[in-house]
Structures are given as structure tokens and as C-alpha cells.
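*Asks:* So the chains spell out like this:
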Amino acid sequence: MKRLQLFAGIVGLLIAFSTPAKVEVLSFDTPEHEERYNKLIAELRCLVCQNQNLADSNAELAVDLRRKTYEMVSKDKSEKEIAAYMVDRYGEFVLYRPPLNSNTLLLWTGPFIILLIGVSLLIRTIRRRRAEQGINVDDATLKAASSLLDSDRDKRDA
Amino acid sequence: MTRAIVPLAGFLALAGLFWFVLGKMNEGEYNPRDVPTQFIGRAAPEFALPDLLDPSNTVSPSNMAGKVWLLNVWGTWCPECWKEHEYLIHLAERKQVPIVGINWRDDAAEAKAMLAKMGNPFLQIAFDPNSNAVIDWGVYGAPETFLIDADGIVREKHTGAVNSRVWEEKFKSYFVAEGSAS
Numbered sequence: 212m213k214r215l216q217l218f219a220g221i222v223g224l225l226i227a228f229s230t231p232a233k234v235e236v237l238s239f240d241t242p243e244h245e246e247r248y249n250k251l252i253a254e255l256r257c258l259v260c261q262n263q264n265l266a267d268s269n270a271e272l273a274v275d276l277r278r279k280t281y282e283m284v285s286k287d288k289s290e291k292e293i294a295a296y297m298v299d300r301y302g303e304f305v306l307y308r309p310p311l312n313s314n315t316l317l318l319w320t321g322p323f324i325i326l327l328i329g330v331s332l333l334i335r336t337i338r339r340r341r342a343e344q345g346i347n348v349d350d351a352t353l354k355a356a357s358s359l360l361d362s363d364r365d366k367r368d369a
Numbered sequence: 003m004t005r006a007i008v009p010l011a012g013f014l015a016l017a018g019l020f021w022f023v024l025g026k027m028n029e030g031e032y033n034p035r036d037v038p039t040q041f042i043g044r045a046a047p048e049f050a051l052p053d054l055l056d057p058s059n060t061v062s063p064s065n066m067a068g069k070v071w072l073l074n075v076w077g078t079w080c081p082e083c084w085k086e087h088e089y090l091i092h093l094a095e096r097k098q099v100p101i102v103g104i105n106w107r108d109d110a111a112e113a114k115a116m117l118a119k120m121g122n123p124f125l126q127i128a129f130d131p132n133s134n135a136v137i138d139w140g141v142y143g144a145p146e147t148f149l150i151d152a153d154g155i156v157r158e159k160h161t162g163a164v165n166s167r168v169w170e171e172k173f174k175s176y177f178v179a180e181g182s183a184s
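So the protein sequences, as listed, match chains R and U.
First residue of the first sequence: 212, per this note's numbering; consecutive thereafter.
First residue of the second sequence: 3, per this note's numbering; consecutive thereafter.
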């Protein structure tokens, strides 16, 4: 019973913490505006809490940047324009999905390079194992080897 | 034997890397919170905000055209700002450095009380409770200090409290060249 209560408590806490921090009540002119706004605040980083996006953070800067995003969406600025405004001021770091360029090349390709290294190592290991297991020795060779060993032992004994 | 050496060498290499990077982070390098500024070499973003001490006055970067000056973003809620306040007064009084403040996300009465108690190093203070100018300047924390040259170009930015070391390293040379401060 106690265990069940503990479990329920943990689940409750998880639910509580996973609720987005968005608290403002906003009204939008069009559903497209609302969609644009929600998409943007999900993809822009809160710079003071770094591992959260604007939607999830209640830091004051996140609140400010959400408001700025809302203002720009209300003025019918496009998603690109708003993202460009933020990048212009806070750098590409503000984007959770930075564009592919020479600075971010390793960031984008790194995981695939590591995957490639892992897969090639795996293939090599499997091939070696197979080679080790697959030693086929015919009886004649075995006999020759044992007679060699025997003759060796005989020599030592003598 | 070689089987043991490969993972051991890998471990030692990683441990060495962590040792090196964490040591550097301790000295203040590789700071993950240090967002590289976008503004160095760019024209200072314009704003027009009411003066904290005299709301009928408008504070604007263009007022400072032709001068080398500092723009300091502060708030009474920011402990680092309290720390640097004394040094800003020193800069303003002893070195005649023109400093314009942006009072950010603050209560006007509290901000005035702080200045009354600790002194006022600012020529003018833009009152920005809604982060309008602050977002335009790409500020994400306080205090932040920008140096703007006589052509209105942002030349330096410092995140965190200004002290004598920061002054020597980042700002001093611009004023010596101007001959307006020593």
C-alpha cells in the first residue's frame, strides 16, 4: 500500500513538472498566428536556462522573449523574420535547430560519424569471431600435429 | 595484455580531456552560459525611452553621438549590479567616463532609492521595465556593459560586473586613445 502511494506520488510529481510553463492568456487574430507562435516558442532557446525552450521556461527573460514573439506574430511577421530577429540579437545559439554551416557541421554530422565508427567496429569484431570459430582442421593435419607433439614428449622423456 | 591497454588508454585520454576542460572552466573559459555577442562592430541599436529621474526627457543612443561611452544594463534585483555600482561611480567621477544606464525590469521607486543611497554614476538612465530596448540589444542577463565608439559602433561587451580588471582589459584603451580619460 505504501509502495503504491509512493508510486502515485512520483507519477503526480512527474506530471506536475512536465506541464509547460506557459501561463499567459493570449488571443490571436488567426489560427495560423497561434500555430506560428507555438512553433516559435518551442524552437527558441531560453538563454538563461539553456536546456529549456521559451515555451517551457518561466524565467523572466523567457517571458520577455515570448512577449516579443507574440508582438511580432501579431504584426504578421513570418516565422523566418522572427527567427532572424532573434538570431540577429542572440546568435544561432538561440535556435534549437541551428542551420547547417561550417560552424555547425560537426554538430550535425558528429552523431552519424560516431554511428559509422561503431558499426564498422561491430562488423570487424563479428568477422573476427566468425573466423576464429570457423577453423576447419582435417583429420590428417590433427594426426600430424599429435604425432609431432608425441615425438616432442618422447624426446623430452628420453 | 594489449586487450587491457586499449580501454585503459581510452579512459586516460578521456580523463585527461575532462581534467583540462574542467580546469579551464574553473578559470572562466569555455563558459557554457557565455553567449557570444552579435553586436561587436555593428551600429548601436537605437531606442528612445523615458529618463528614470526625469520622465519628460528621452534617453537615446543618438544623444551620445561623437563620444566614446558605456551603456550599462542594471536593475535593483541584480546582486552583481550592486557589486559593480561603486566601481561605476569611480569610473564616472575619477576617470570622467560617460556612462548611460538602462534600468531594466525594475520598479522606478526602488531604482531611485538605490541611486539615492549608493550614488549615481549615470549621465542618463533609460527606464525599461518591459525589456523593449534590452531585447533589441541582445541582453540576456544583468549587468551587461557595452562600449560604443564615437561613430556609434559597438566595440566591446562585458557580461557580469565591471571591475578594475575588466576596465583594464576591455575598455580602458578606447578612452586613452580619445584622451578623455587616464
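Worth double-checking, as some hints may not be accurate.
Every beta carbon over 10 Å from chain U, so not counted as near; a handful from chain R, in silico [said to hold, decoys possible]:
(1) E235
(2) L272
(3) K291
(4) D299
(5) R300
(6) Y307
(7) N312
(8) I325
(9) L353
(10) A355
(11) A356
Examples of chain R residues lying across from chain U (beta carbon under 8 Å, computed) [said to hold, decoys possible]:
(12) E271
(13) D275
(14) G302
(15) R308
(16) F323
(17) I324
(18) I328
(19) V330
From the derived model, a few chain U residues whose C-beta atoms are all more than 12 Å from chain R [as the list claims (entries may be wrong)]:
(20) P47
(21) A111
(22) S133
Source of the hints: derived by calculation from the structure; they are not laboratory data.
Don't be surprised by glycine CBs; every beta carbon is placed ideally from N, CA and C.
*Asks:* Against each hint, give a clear statement of whether it holds in the structure.
*Replies:* Quick rundown of the hints versus the structure:
no.	hint	in the structure
1	E235	14 Å, holds
2	L272	6 Å, violated
3	K291	17 Å, holds
4	D299	6 Å, violated
5	R300	4 Å, violated
6	Y307	14 Å, holds
7	N312	15 Å, holds
8	I325	14 Å, holds
9	L353	29 Å, holds
10	A355	31 Å, holds
11	A356	27 Å, holds
12	E271	6 Å, holds
13	D275	4 Å, holds
14	G302	5 Å, holds
15	R308	17 Å, violated
16	F323	21 Å, violated
17	I324	17 Å, violated
18	I328	13 Å, violated
19	V330	18 Å, violated
20	P47	8 Å, violated
21	A111	19 Å, holds
22	S133	4 Å, violated
Hint check: violations occur at hints 2, 4, 5, 15, 16, 17, 18, 19, 20, 22; the rest are consistent with the structure.
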